[in-house]
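Asks: Add chains A, W and F to chain D, keeping to what the hints say.
Protein chains in written order, with this note's numbering: chain D, 569 to 707; chain A, 569 to 707; chain W, 569 to 707; chain F, 569 to 707.
What the hints contain is simulated information worked out from the structure, not anything from laboratory work. Hints are not guaranteed to be accurate.
Taking CB as the label site, the calculated pair distances span [as the list claims (entries may be wrong)]: (1) 672/W x 593/D: 29 to 39 Å; (2) 685/W x 644/A: 25 to 35 Å; (3) 656/F x 611/D: 15 to 25 Å.
Cβ atoms here follow ideal geometry from the backbone N, Cα and C, with glycine treated the same way.
So the chains spell out like this:
4 protein chains.
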Amino acid sequence: MSMKNIEAVRKFFQADKFVTYAGIEIVSVDDDKAVVSAEITERHLNANGTVQGGMLYTIADFAFAVLENYKHPITVTQNGNISYVNAVGSSRITATATELLRKGHNTVCDVTVTADDGAVLCVCRFNGFVKDLPKKIFE
Amino acid sequence: MSMKNIEAVRKFFQADKFVTYAGIEIVSVDDDKAVVSAEITERHLNANGTVQGGMLYTIADFAFAVLENYKHPITVTQNGNISYVNAVGSSRITATATELLRKGHNTVCDVTVTADDGAVLCVCRFNGFVKDLPKKIFE
Amino acid sequence: MSMKNIEAVRKFFQADKFVTYAGIEIVSVDDDKAVVSAEITERHLNANGTVQGGMLYTIADFAFAVLENYKHPITVTQNGNISYVNAVGSSRITATATELLRKGHNTVCDVTVTADDGAVLCVCRFNGFVKDLPKKIFE
Amino acid sequence: MSMKNIEAVRKFFQADKFVTYAGIEIVSVDDDKAVVSAEITERHLNANGTVQGGMLYTIADFAFAVLENYKHPITVTQNGNISYVNAVGSSRITATATELLRKGHNTVCDVTVTADDGAVLCVCRFNGFVKDLPKKIFE
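Next up, chain D with everything else stripped away, as it sits in the complex (with noise of 0.2 Å):
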């Protein structure tokens, strides 16, 4: 993938003001599949000192904007599903999103998170809706 769709998905995001602070960084998209991630500091911890449900939520969800807008935007979540697997510390985290499918305005994008040891930290599944525009945006 050139490094120019990959830095004009960078810019439009850049307006995400949630996901900056959070630290939250776009490692690589293409049509299959977008890798998110992030250095975790004391800020991302919840009070046992493991990474923050919410924290984990927010990085799955931005796997899943990053690939879908990627792919067909403008795509918007409909529903979010979490399901949590391991609470532990980590260096760094990292969400991976692959698209399962997609019909006319719906689609289903699935989304793993996990610590810089590989264990899985949470999976997710998304329902997005897919707004009819052009992928001019990222040109």
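Replies: Quick look at chains A, W and F alone, frame taken from chain D:
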């Protein structure tokens, strides 16, 4: 509800840094309901200028955590389900949690997040898992 | 609610053969709530002798369909979410549906299924999609 | 996989009368995947003449139950999530289950239900709970 208990609850959750940095505060909690709230600033917005979806999930999950841990600590989130309803800006958002049922280790809890004009931003349902510990941590 | 409308609703759903063969009947429906019910026989049981999980989902989804199509036909289920609570036998089970909210084409509807002693068997949340048709089919 | 094990699995689930009356049969099961199938007759249809949503859930939940109880009995469904994709008629439908992950008592399992032409009818995600029993029931 006595001021003493809500102060103990606030103190307990001070260690949740993600929630603290998101500016979320506990308004009230008793055996029936928890209410939490956040002033919305530029840091909470997505690329469309509305309250970011991960922020909405985070405040809903926190309302659940406050209620459930007040009623029967320690309760953790196993699964979360969020349906987005209205995407708007707002000066303040509020999440209200009620427990639908509890059976043994399992609880189901509903949360509604509203804007300052009362518009519903999202509705969530959480499946919680109660670990067996006394309520002494709030005394 | 007039007898005429519930008869029209029953007539409309007679064409749902899966529900008919499952023995599910409409007890009542108005703008606030739908109640459906089924006598439980050996045909409804799983390998443990309790009401089968698919039967519980089916009766819950039907309560949703009756309510939502009474209020604003045609409404179809987009997503369903079921949490199982108690696994018991029962001579009769009842599903009660209420609409949590509607916004444009999207609705969120909650259903509780109970045994004859009132024990909660499962709770469900459905996301419905309203296609734009008049309510004339029930007149 | 030996014929002996699939026959033991079929024998175990013969006691599930709801599934039996729905005409659902086990096609294959091993540690990676379970496949179940049903011939569709008039009894499986909704008011629109397409495969009824509760039937789709039931066959998906059964594929989950077959796989999970083959791998680690006894596993019960705690939560189920279904997204409907295509509403069609079909002469036969097939549900394929794979286990996404297992951690202790908790499993997450994905199921896809397809029509005879391969069209995806629905996708499901199940959260299972594993009770600690040996696999001896299938030997």
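Asks: Could you tell me which of the numbered hints above are not met by this structure, giving the numbers in increasing order?
Replies: 3
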